[in-house]
Amino acid sequence: MSSKDVILGRVRAALRDAPAPGEVPREYRRTFPGADLDLLVDRLVDYRASVRRVAEDTVAPTAAEIAGGTIVVPQGLPPAWRPADVLVDDGLAPDRIAAAAAVLTAAAVAVAETGTIVLDASPDQGRRIITLLPDVHIVVLRPGQVVASVPEALARLDPARPLTWISGPSATSDIELNRVEGVHGPRHLHVLLLDG
Amino acid sequence: MTTFLGMPATAPRGVGHLRGDTTFPRAARQALGNEQLRRNLRHATSTIRGKSSRVIAELPDWQELRTAGSAIKADVMSRLPELLEQLEARVTERGGVVHWAADANEANQIVTGLVRATGSDRVIKVKSMATQEIGLNEALEAAGIQPVETDLAELIVQLGNDRPSHILVPAIHRNRTEIRDIFLAAMPGVDPSLTDDPPVLAAAARKYLRETFLSTRVAVSGANFGIAETGTLAVVESEGNGRMCLTLPDTLITVMGIEKVVPTWRDLEVFLQLLPRASTGERMNPYTTMWTGVTPGDGPREFHLVLLDNGRSAVLADEVGRQALHCIRCSACLNVCPVYERTGGHAYGSVYPGPIGAVLSPQLTGVEDNASLPYASSLCGACFDACPVKIDIPSILVHLRNRVPHPPAERAAMRAAAYTMDRPRLYAHAQRAAKLARIAGRRGRGLPPPLSSWTVSRDLPAPPDQTFRDWWASR
Numbered sequence: 001m002s003s004k005d006v007i008l009g010r011v012r013a014a015l016r017d018a019p020a021p022g023e024v025p026r027e028y029r030r031t032f033p034g035a036d037l038d039l040l041v042d043r044l045v046d047y048r049a050s051v052r053r054v055a056e057d058t059v060a061p062t063a064a065e066i067a068g069g070t071i072v073v074p075q076g077l078p079p080a081w082r083p084a085d086v087l088v089d090d091g092l093a094p095d096r097i098a099a100a101a102a103v104l105t106a107a108a109v110a111v112a113e114t115g116t117i118v119l120d121a122s123p124d125q126g127r128r129i130i131t132l133l134p135d136v137h138i139v140v141l142r143p144g145q146v147v148a149s150v151p152e153a154l155a156r157l158d159p160a161r162p163l164t165w166i167s168g169p170s171a172t173s174d175i176e177l178n179r180v181e182g183v184h185g186p187r188h189l190h191v192l193l194l195d196g
Numbered sequence: 001m002t003t004f005l006g007m008p009a010t011a012p013r014g015v016g017h018l019r020g021d022t023t024f025p026r027a028a029r030q031a032l033g034n035e036q037l038r039r040n041l042r043h044a045t046s047t048i049r050g051k052s053s054r055v056i057a058e059l060p061d062w063q064e065l066r067t068a069g070s071a072i073k074a075d076v077m078s079r080l081p082e083l084l085e086q087l088e089a090r091v092t093e094r095g096g097v098v099h100w101a102a103d104a105n106e107a108n109q110i111v112t113g114l115v116r117a118t119g120s121d122r123v124i125k126v127k128s129m130a131t132q133e134i135g136l137n138e139a140l141e142a143a144g145i146q147p148v149e150t151d152l153a154e155l156i157v158q159l160g161n162d163r164p165s166h167i168l169v170p171a172i173h174r175n176r177t178e179i180r181d182i183f184l185a186a187m188p189g190v191d192p193s194l195t196d197d198p199p200v201l202a203a204a205a206r207k208y209l210r211e212t213f214l215s216t217r218v219a220v221s222g223a224n225f226g227i228a229e230t231g232t233l234a235v236v237e238s239e240g241n242g243r244m245c246l247t248l249p250d251t252l253i254t255v256m257g258i259e260k261v262v263p264t265w266r267d268l269e270v271f272l273q274l275l276p277r278a279s280t281g282e283r284m285n286p287y288t289t290m291w292t293g294v295t296p297g298d299g300p301r302e303f304h305l306v307l308l309d310n311g312r313s314a315v316l317a318d319e320v321g322r323q324a325l326h327c328i329r330c331s332a333c334l335n336v337c338p339v340y341e342r343t344g345g346h347a348y349g350s351v352y353p354g355p356i357g358a359v360l361s362p363q364l365t366g367v368e369d370n371a372s373l374p375y376a377s378s379l380c381g382a383c384f385d386a387c388p389v390k391i392d393i394p395s396i397l398v399h400l401r402n403r404v405p406h407p408p409a410e411r412a413a414m415r416a417a418a419y420t421m422d423r424p425r426l427y428a429h430a431q432r433a434a435k436l437a438r439i440a441g442r443r444g445r446g447l448p449p450p451l452s453s454w455t456v457s458r459d460l461p462a463p464p465d466q467t468f469r470d471w472w473a474s475r
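Just so you know, the protein sequences line up as chains V and P, in that order.
For the first sequence, full-length UniProt numbering assigns the number 1 to the initial residue and increments by one for each residue that follows.
For the second sequence, full-length UniProt numbering assigns the number 1 to the initial residue and increments by one for each residue that follows.
Chain V extracted, bound-state conformation (with noise of 0.2 angstroms):
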């Protein structure tokens, strides 16, 4: 018998009393007025993560300016977002990103409510460690990507994906409970808000 007949039978023996199955009351909010880009640039400050609204054509000169340095992108970038300097993630090997000044990507999603940026692995946003080893990632967002609540985010997103959600920089509350930023991942998240 494997272990998991042994497992199976052992919860079906549990579920003896045959407790119905439940119809689950979803009378919470799926969406909500005012939740406008306003409030995800608040929740995102709160964060401490720094946000800027541009146009999109001053994208690449912002982010070469807030990088300081050599930039890595995804291969699926927006030729016109990239800075002239800039590192094309065709596989690059891990050290060669670590040692990368700073990250610059687009999302897939972000949620006003919760100030969180979610990315998804298309093209312009590229395999996970991109996002993971440089100290500095700029995410590009456009005004139609974000959504008011979580439940709109979720329906808006593919599960067979990878998903990255990012709210604030990496942070940690271990030491007597000091907010302490980028114990492990990037220790600063600039957010690119494009106009119209």
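Worth flagging that the hints you see were computed from the coordinates, not collected in a lab.
Keep in mind that the hints are not guaranteed to be accurate.
Claimed, not checked - Cβ pair distances, simulated, as ranges: (1) V:GLY76 to P:LEU214: 20 to 30 angstroms; (2) V:ASP36 to P:GLN146: 49 to 59 angstroms; (3) P:ASP197 to V:ARG48: 10 to 20 angstroms; (4) P:ARG266 to V:PRO33: 19 to 29 angstroms; (5) V:GLY76 to P:ASN161: 44 to 54 angstroms; (6) P:GLY33 to V:PRO33: 52 to 62 angstroms; (7) V:MET1 to P:GLY95: 20 to 30 angstroms; (8) V:MET1 to P:SER193: 56 to 66 angstroms; (9) V:ARG48 to P:ASP298: 20 to 30 angstroms; (10) P:ARG403 to V:SER122: 30 to 40 angstroms; (11) P:SER453 to V:ARG48: 47 to 57 angstroms; (12) V:GLY76 to P:ARG39: 26 to 36 angstroms; (13) P:ARG54 to V:MET1: 18 to 28 angstroms.
To be verified - Covered, in the sense of this in silico footprint (three residues per stretch, anywhere, with C-beta under 8 angstroms from a C-beta of chain V), are these stretches of chain P: (14) 69-78; (15) 231-243; (16) 292-305; (17) 406-416.
The beta-carbon is built from N, C-alpha and C at its ideal position, and this holds for glycine as well.
Given the coordinates of chain V, work out where chain P should sit on it, guided by the hints.
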């Protein structure tokens, strides 16, 4: 061959960390004498409570989310076999390998075997209650494999040869000076001029672990949720050590309790709102990673999911106690518990401390192995109010107390009391005797042995000057 099916097996003895060496009252008394510990705990729990209540107050639908979370979990328990098989099928379709572990020993064997097969003698670990529960680190070490905890608090505990004392912040009992001393004594390559400034301590851990992350090919994690419908696993965390472990190595091994399965992708919309706010008091934790099997070109090339029973089916067999399996390990009940705040997590003897530990541990091990834990509570009910999935912990505590074998002296005293109260003349005599005892000056000194064990931690009310019967007779 099938006789055991009606008697679900509990977690095996001698392995893992579900049983303490001593009873709760004895361990608690010792902890109560440690003033530093009590100061650290009071500061930590009150800070988290404040943060949590502020962000919960922002949500007008918090109670509706709790109701939904509770209902989803009840639904999961009612059709657990179906959901587990669905999860296995989806994970397998997406290139993952699913293993079933009936208990801690089997889970440790599976993980050790998988690590050996990679040829690596070191694994990086994401903080995980399930792997602590089964004593995976000890099993790996016995097999010559070095487990490296990468969560800062878990690393502090590991380097200090200590035990975690809180579900969420395992080193909550340590202050900055103690942490600096632990790093100086045990962290390889640490700067000897290390100060106790939290950013400096965090930077030391970052430096030490970076190299390990980049050079270790196998990682072990737990899981916060496993979605049956899609085969997606989710890990929530703060530091980025989780992302490192979940995406950098070639092989990822995830150990997940069978109760962590949720039916649908949509169900995450409830738990991703409940968990961070109840747990760390944040609107959202800094990082959440979700993955489904393996994705060519991104992340681990091999993914193994170990589904762990280890007493969970025994918990499920108890109609009252099974709701303890709804727990999403947020630790909100610890932070509001007046007993936990004074004793800390070590007194509970299990990796699951606080109110949820007091109901979960005795059920996972069999109540006789953790008989003092159902009494490690004042039944004040704060844990029930704080629980984001509405687990009625006080009711389970009372239910379990009835299953604990009572000491002979207590049983005898209760039988004597029942006998006396059934007989009015005897009862009147007993009342008069109680009055005499007061005159004899026992007041404030409690009851004589063996009943003194009751009054050692409770006040014995002084009998009134006049009994109700005497007063009535004088009218």
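Here's how the hints hold up against the structure:
1. The hinted window of 20 to 30 angstroms between V:GLY76 and P:LEU214 holds, with their beta carbons roughly 25 angstroms apart.
2. Between V:ASP36 and P:GLN146 the C-beta distance comes to about 50 angstroms, which sits within the given range of 49 to 59 angstroms.
3. Our hint of 10 to 20 angstroms for P:ASP197 and V:ARG48 holds, since their Cβ atoms are close to 18 angstroms apart.
4. A hinted range of 19 to 29 angstroms for the beta carbons of P:ARG266 and V:PRO33 is consistent with their spacing of about 22 angstroms.
5. At about 48 angstroms, the CB distance of V:GLY76 to P:ASN161 agrees with the hint of 44 to 54 angstroms.
6. Evaluation of the 52 to 62 angstroms hint for P:GLY33 and V:PRO33 yields a pass: the beta carbon distance comes to about 55 angstroms.
7. Judged by the Cβ atoms, the range 20 to 30 angstroms given for V:MET1 and P:GLY95 holds: they are separated by roughly 27 angstroms.
8. Checked against the given bound of 56 to 66 angstroms, the beta carbons of V:MET1 and P:SER193, roughly 60 angstroms apart, stay inside it.
9. A C-beta distance of roughly 28 angstroms is found between V:ARG48 and P:ASP298, which places it inside the suggested range of 20 to 30 angstroms.
10. Range check, P:ARG403 to V:SER122: Cβ separation about 54 angstroms, and the 30 to 40 angstroms hint is violated.
11. Between P:SER453 and V:ARG48 the CB atoms are about 53 angstroms apart, so this pair conforms to the stated range of 47 to 57 angstroms.
12. Under the hint 26 to 36 angstroms, the C-beta atoms of V:GLY76 and P:ARG39, about 53 angstroms apart, miss the expected range.
13. Range check, P:ARG54 to V:MET1: about 52 angstroms between beta-carbon atoms, so the 18 to 28 angstroms window is missed.
14. Note: the segment 69-78 of chain P has 6 residues with beta-carbon separation from chain V under 8 angstroms; the three-residue rule is met and the coverage holds.
15. Residues of the segment 231-243 of chain P with a Cβ under 8 angstroms from some Cβ of chain V number 6, which satisfies the need for three, so the listed coverage holds.
16. Given a C-beta distance limit of less than 8 angstroms, the hint that chain V covers the segment 292-305 of chain P holds, as 5 residues qualify and 3 suffice.
17. Only residues whose C-beta sits within less than 8 angstroms of a C-beta in chain V count toward coverage, and the segment 406-416 of chain P has 0 of them, not enough to reach three; the restraint is violated.
Going down the numbered hints, you'll see the structure goes against 10, 12, 13, 17, while the others check out.
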